Each structure stands twice: as structure tokens, then as C-alpha cells.
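The listed protein sequences correspond, in order, to chains E and R.
Heads up: the first sequence begins at 2 in the working numbering, then just goes up one per residue.
Heads up: the second sequence begins at 2 in the working numbering, then just goes up one per residue.
In short, the hints are calculated from the structure, not lab data.
The structure presented is a predicted model; accordingly, all values stated were derived computationally and were not measured.
Using N, Cα and C, we set each Cβ at its ideal position, and we do this for glycine too.
One thing to keep in mind: the hints can contain errors.
With a Cα cut of at most 27 angstroms, we get these calculated BS3-like pairs of lysine-lysine [claimed, not checked]:
1. LYS50/E / LYS87/R
2. LYS50/R / LYS17/E
3. LYS150/E / LYS87/E
4. LYS87/R / LYS50/R
5. LYS50/R / LYS17/R
6. LYS17/R / LYS17/E
7. LYS87/R / LYS238/R
Interface residues of chain E toward chain R, partial, derived using beta-carbon atoms under 8 angstroms [stated by the list, open to error]:
8. ARG109
9. ALA111
10. LYS135
11. GLN139
There are 2 protein chains.
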Amino acid sequence: MEVVQTIAALREHVAKWRRAGDTVALVPTMGALHAGHVALVRAARGQAKRVCATIFVNPTQFAPNEDFASYPRKERADQDLLRAEKTDLLFMPSVEEMYPAGHTTRVRVAAVAQTLEEDFRPSHFDGVATVVAKLLLQALPDVALFGEKDYQQLLVIRRMVRDLDIPVRIEGVPTVREADGLALSSRNAYLTAEERAIAPALHRAITDVASAVARGAAPARETAAAAERLLQAGFQKVDYVAVRDAETLQPVGDGSRPARVLAAAWLGRARLIDNIPVTPLR
Amino acid sequence: MEVVQTIAALREHVAKWRRAGDTVALVPTMGALHAGHVALVRAARGQAKRVCATIFVNPTQFAPNEDFASYPRKERADQDLLRAEKTDLLFMPSVEEMYPAGHTTRVRVAAVAQTLEEDFRPSHFDGVATVVAKLLLQALPDVALFGEKDYQQLLVIRRMVRDLDIPVRIEGVPTVREADGLALSSRNAYLTAEERAIAPALHRAITDVASAVARGAAPARETAAAAERLLQAGFQKVDYVAVRDAETLQPVGDGSRPARVLAAAWLGRARLIDNIPVTPLR
């Protein structure tokens with residue numbers, strides 16, 4: 002695995018692959034890699050001849066009061082893991098390489114970006130859309146893979162790629178979970194042992210909501226009850242538990258369209274998010 | 002010259018050229034073509050083997066009170082002119098092809114976009130940046146050419162391309178003028194014979210400002226005097242006459258950096274814009 006820091010070097014590698022007729026998959030990450038990222042790399046391997054991973058903790062998607070400075074960074078372990086997964090190339094740009102002096106352009110996705118996470122992290126998705134657009138245009142891969150754990154992010158990226166005609170296929174990869182249901186996340190590292198024992202309550206809560214809604218229960222009552230249970234379990238604050246249209250993220254209607262349960266809640270220093278589909282009963 | 006309406010057909014043509022090893026130049030226009038556009042196509046011919054022109058009157062860069070509906074459209078004459086200039090391909094998408102239902106993403110360039118035109122046409126450059134990003138990503142040309150007549154637009158596009166890492170070279174092409182100095186513009190068609198006789202006062206005014214500033218005069222006094230002369234000549238309203246840094250469009254400092262005189266003023270139904278460099282005296 003080669004490791005490059007500049008856009009020019011990234012493009013040289015991709016151009017070399019293109020000349021050889023190879024297809025290219027991109028796996029953008031913020032590092033602090035775990036089995037969820039491994040699933041992305043393995044899915045990428047199944048989609049293209051060459052796999053390029055990127056590690057960039059993107060400052061523009063963090064608000065000033067958020068955890069940009071303390072976000073976990075473990076370059077050595079990340080590189081070992083990517084090497085073990087036979088990643089072809091790792092792109093690790095500096096902040097200056099991505100945002101040189103004078104950089105002012107932002108990509109803004111409305112609609113699907115203007116709810117849920119946006120209510121608690123305003124401008125977060127502007128930062129995500131902008132950095133993902135840049136990475137896609139730097140590498141121009143055939144396909145790019147993103148985890149369903151960040152479900153709204155996945156929808157925002159799909160919308161952006163379609164709206165700007167970026168010539169790339171976007172693939173979502175199912176969430177990887179611990180045995181007790183906790184969705185893997187780099188931010189799980191923030192949890193104390195005690196909090197870690199409480200954390201699976203988030204997945205249980207959305208699973209309960211999904212089951213009840215699938216049986217015909219009213220979403221509003223179920224989500225309110227789930228939020229209450231999270232607080233009782235030891236979460237300090239529930240940003241949202243919501244049942245939404247799986248494609249538009251608008252409130253669900255008559256139940257004829259696929260729905261998704263999404264939640265975000267605070268446990269100690271960690272803001273945990275998770276989501277699952279509402280699977281209609283047979 | 003082939004004429005295509007869909008992004009898919011555009012991409013097929015470009016892919017065919019790429020397979021043959023041909024380079025590609027893109028000339029985005031809003032149609033109602035004149036000698037200024039011919040200069041763009043000829044410059045394009047000098048930069049690449051294949052030339053693709055686009056005609057799309059982009060609704061998102063017009064405000065509701067502006068001239069989208071009445072903007073001149075003359076498809077037949079445009080096609081004849083492009084054919085005579087040996088354009089290889091003309092892309093003429095519908096509004097639905099460019100903005101299908103659900104389209105919500107906008108590209109926003111700050112800094113250089115947030116002055117002059119923006120003060121009078123808020124969100125105009127969001128529309129320009131978004132549509133140009135789309136056209137560039139649809140065609141992925143080696144080079145795209147834009148007229149210096151829309152000088153701020155050229156700077157906005159350069160900034161966007163650099164900031165989003167769109168892999169294309171942007172070339173500015175000097176303004177083409179009538180014998181009396183009037184910059185060619187599709188909107189000159191709005192002028193009555195009487196207004197057409199007055200119109201060259203705009204070019205004279207900015208030329209006078211540029212000469213005076215080059216000789217060391219204070220920009221503020223010269224631009225105020227020029228605006229006054231435009232009103233006396235018969236212009237109804239002067240949006241701005243300004244001397245700005247030629248790269249940042251910020252107010253000029255000590256005269257050590259290249260400067261540009263830019264102006265916009267109303268003459269009848271037409272809002273005319275023009276700009277020229279301040280050329281230092283030897």
C-alpha cells in the first residue's frame with residue numbers, strides 16, 4: 002500500500018490505474034478505523050480492481066464547540082489495518098492541502114440535509130458535502146462507499162452526487178455492530194466502561210420503535226417512549242428519536258413507503274447515532 | 002455538428018473522443034450568440050481537438066424579477082453560427098434535464114462572489130456556480146472558456162474550480178466590442194436605437210476611470226464622477242462603478258497590485274455591465 006499526502010500524487014496513482022484499464026473504488030474515512038471501515042474496504046474490493054482509502058479529519062464538518070481537536074487519531078494502527086485489507090492506496094492530505102488559503106466554496110444540499118442532524122449540528126452537512134465533493138473530484142473513482150451508520154450523511158451524499166452530476170456510483174454499506182447491538186463508531190472510544198454497558202440501549206430503543214411501528218403503532222408515541230427509556234437507561238440527553246421516510250427523511254405518511262428509525266443521544270462525552278429500517282411484517 | 006439534449010448523450014460523445022485520445026474544450030453559453038461567443042469557440046479550437054458548446058438559459062441564476070422569460074432565444078441562428086465555426090457538438094439540455102424534480106444542491110462561492118453583482122443580484126452567483134459545476138462535471142473537458150465581459154463570473158468560476166478540485170483548466174477570453182466600444186452582450190438586443198447610441202458611454206466612463214487611476218487619481222472621486230456622467234448621458238440607474246483588486250475584487254490598496262474597473266448600469270430594459278484593466282503607465 003502506498004501512502005500519499007498530495008492531490009497531485011493521488012491523481013498520478015489513479016491515472017496510472019486508468020491507463021491499465023483498472024476500475025477504482027474510494028473509501029473516504031476520518032480514520033480511527035474499526036470493523037465498520039473494514040466492511041467498507043471489503044465491499045470496495047468487490048466493486049473495483051483498485052481500492053483507495055482516504056483518512057482526513059475534516060475540520061469544516063465540526064462546529065467550534067465540537068470534538069475536532071479530540072477526535073481519535075491513530076495513524077499507525079489505521080495504516081496497519083488498511084495494509085492487512087490489501088488497500089492499494091491511502092490518501093492522507095493535510096488540512097492545508099484540502100483547504101489552502103482563500104478556499105471559500107461550499108456545497109449545500111437542502112431538503113434531506115435540513116432535518117435531524119442539521120437541527121443539532123447546523124452546517125455539519127455543508128462541511129460533509131464539500132469535503133466529499135472534493136475527494137470524489139480529486140480521485141474520480143467509479144464507486145465510493147459510505148456506511149449506513151451515518152444514514153442521513155449517505156442520503157446527503159447521494160443527493161449531492163446526483164444534483165451536481167458527479168460521475169460516480171455511491172454505495173451504502175450496512176452498519177457493523179458489536180454483539181450487544183452497539184453500532185461501531187470511532188466515537189465509542191469516548192465511552193467509559195460504565196457508559197459502554199449502557200450504550201446498547203440506543204440500538205434496543207430504535208429496534209423497539211421499528212417493531213412497534215411495523216405492527217401499526219403510532220410513530221410519535223413510540224419515539225417519545227423510546228427517548229424516555231434512553232434517559233432512564235442513563236443517557237444524558239436525547240437529540241432525537243424519529244421515524245422518517247427512508248428516502249426523503251420527511252415525516253412518514255400512510256405507511257406505504259419504506260421508513261427508517263433514526264436516533265441521536267448523548268452518553269457522557271459521546272454523541273451516539275444509530276438507525277435501522279422499519280421492516281414491514283409479512 | 003451533432004446536437005444532443007441529454008447528459009447521457011453528451012457523455013457518450015465525450016467518451017468516444019476520449020477513447021480516440023482527443024482533448025476536449027467546453028464553451029458554456031446561454032445562447033443568443035454573437036461575435037463574443039465566436040471568439041470563445043475560436044479560442045477553444047486553439048486549446049483542444051474537440052469543441053463542445055452548450056446553450057442553456059439557466060433559470061437558477063435569474064431572480065424572480067429578472068429577465069429569464071424574455072432573455073433572447075434564437076436556436077436556429079445559434080446552431081448555424083456554431084456550425085459555421087466547426088463546433089463538434091452542441092449540448093442543449095432542457096430545464097428538466099438539468100434540474101429534475103428533487104434537485105436541491107447549490108454551490109456557493111463566498112469572498113469574490115460577495116460584492117458588486119451580488120449586491121444587486123443576490124444569489125445570482127449561486128446559480129452560476131451550480132450550473133457551471135454541473136456542466137463541467139457532465140462533460141469533464143480539459144478546458145472551459147468564459148468571456149472576460151462577465152469578469153466577476155470568471156473569477157467566481159476559477160475560485161469554485163480550484164476549491165472543489167474540478168479537474169479542468171479555466172480560460173478567460175477578452176471582451177469583444179463594437180467599433181464604438183460597446184461590449185457585445187446578448188442583452189444589447191434590448192436597446193432601442195436611441196439607447197444604443199447612448200450605450201458606449203459605459204465603456205468611455207470606465208476607460209476614463211482607468212486612465213485617471215493609472216495616472217494616480219483617487220479611485221473614489223473618479224468612480225463617482227463616472228457614475229454622474231453615465232446618468233447625464235441617459236442611463237437611468239448606475240448600480241456601481243468601482244476600482245477593485247483584479248484578483249480578489251476587494252477595494253484597491255496602495256496600487257501595487259493589478260486593478261480592474263467594473264461597472265453596471267441600467268439603460269432602458271437593459272442592465273449593461275463592462276470592465277477593463279487599470280494598465281499602469283510606463
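### Query
Going back to the hint list, which numbers does this structure go against?
When the structure is compared with the hints, numbers 1 and 7 turn out to be violated.
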